[in-house]
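The listed protein sequences correspond, in order, to chains L and B. Letter by letter, the first sequence follows residues 48 to 161 of my numbering. Letter by letter, the second sequence follows residues 0 to 112 of my numbering.
These are calculated hints, taken from the structure and not from any lab test. Every residue, glycine too, gets a C-beta built ideally from N, C-alpha and C. There could be a bad hint or two in this list.
[Unchecked claim] Which residues of chain B face chain L? A few of them, derived with a C-beta cut under 8 Å, are: (1) LEU33; (2) PHE100; (3) PRO104.
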Amino acid sequence: EAGVAQSPRYKIIEKRQSVAFWCNPISGHATLYWYQQILGQGPKLLIQFQNNGVVDDSQLPKDRFSAERLKGVDSTLKIQPAKLEDSAVYLCASSPTGQAKALFFGSGTQLSVL
Amino acid sequence: DQQVKQNSPSLSVQEGRISILNCDYTNSMFDYFLWYKKYPAEGPTFLISISSIKDKNEDGRFTVFLNKSAKHLSLHIVPSQPGDSAVYFCAASAVNYGQNFVFGPGTRLSVLP
């Protein structure tokens with residue numbers, strides 16, 4: 048069974064530029080999550096999708112972050128414009144159901160904003 | 000407000016000995032807990048979980064203990080192996096209330112040969 052795929056693995060941009068991350072969850076997993084992990088901290092949920100609908104985006108900075116999952120499969124997370132404090136690893140995870148017993152994570156995208 | 004705490008940023012243990020990683024939580028609604036292991040440049044990998052109806056769950060060398068009254072859980076690794084060297088995250092959820100997982104800041108375990 049293929050795992051959660053994410054790209055790119057690394058991205059370096061200057062502040063005020065925009066960036067996008069892509070995620071393809073495990074086949075058949077209805078729920079998809081985007082997490083932000085700042086160095087030295089645990090992952091923090093940004094947004095949760097159930098199929099192509101948003102379940103929880105309460106911690107997503109909506110003035111600069113956006114995410115979509117148009118066909119209920121893969122998803123993109125965008126930051127526009129980026130700030131220095133957005134430097135982090137962006138992790139995508141998926142689970143078979145909404146009330147997950149475990150999350151399956153991708154390898155993440157390491158973003159550096161200069 | 001940090002709902003899940005891992006107060007030891009790092010831990011070093013000799014190979015073959017027991018590793019004990021601790022986690023404390025503040026939200027009494029949490030009813031499901033997980034441990035994840037993370038190697039550098041990889042995503043976290045699920046290790047073991049425990050529901051609040053249990054006080055112990057065992058899987059091979061890994062055992063998780065839950066003390067609900069103290070709002071404390073611990074992960075025991077016996078015997079520790081060099082390949083166990085990684086960052087370990089504790090995560091908690093109020094599953095029956097539809098709440099998502101909240102992660103602790105992690106503990107870096109180093110198993111010395």
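**Q.** Closest C-beta approach of B/LEU33 to chain L relative to 8 Å, hint status
**A.** 6 Å, holds
(Q) Holds or violated: the hint that B/PRO104 contacts chain L, with Cβ atoms closer than 8 Å. (A) This interface hint holds because 5 Å falls under the 8 Å limit.
Q: Closer than 8 Å between Cβ atoms is the bar; does B/PHE100 clear it against chain L? Give me holds or violated.
A: Holds, about 7 Å.
Checked against the numbered hints given earlier, this structure breaks none of them.
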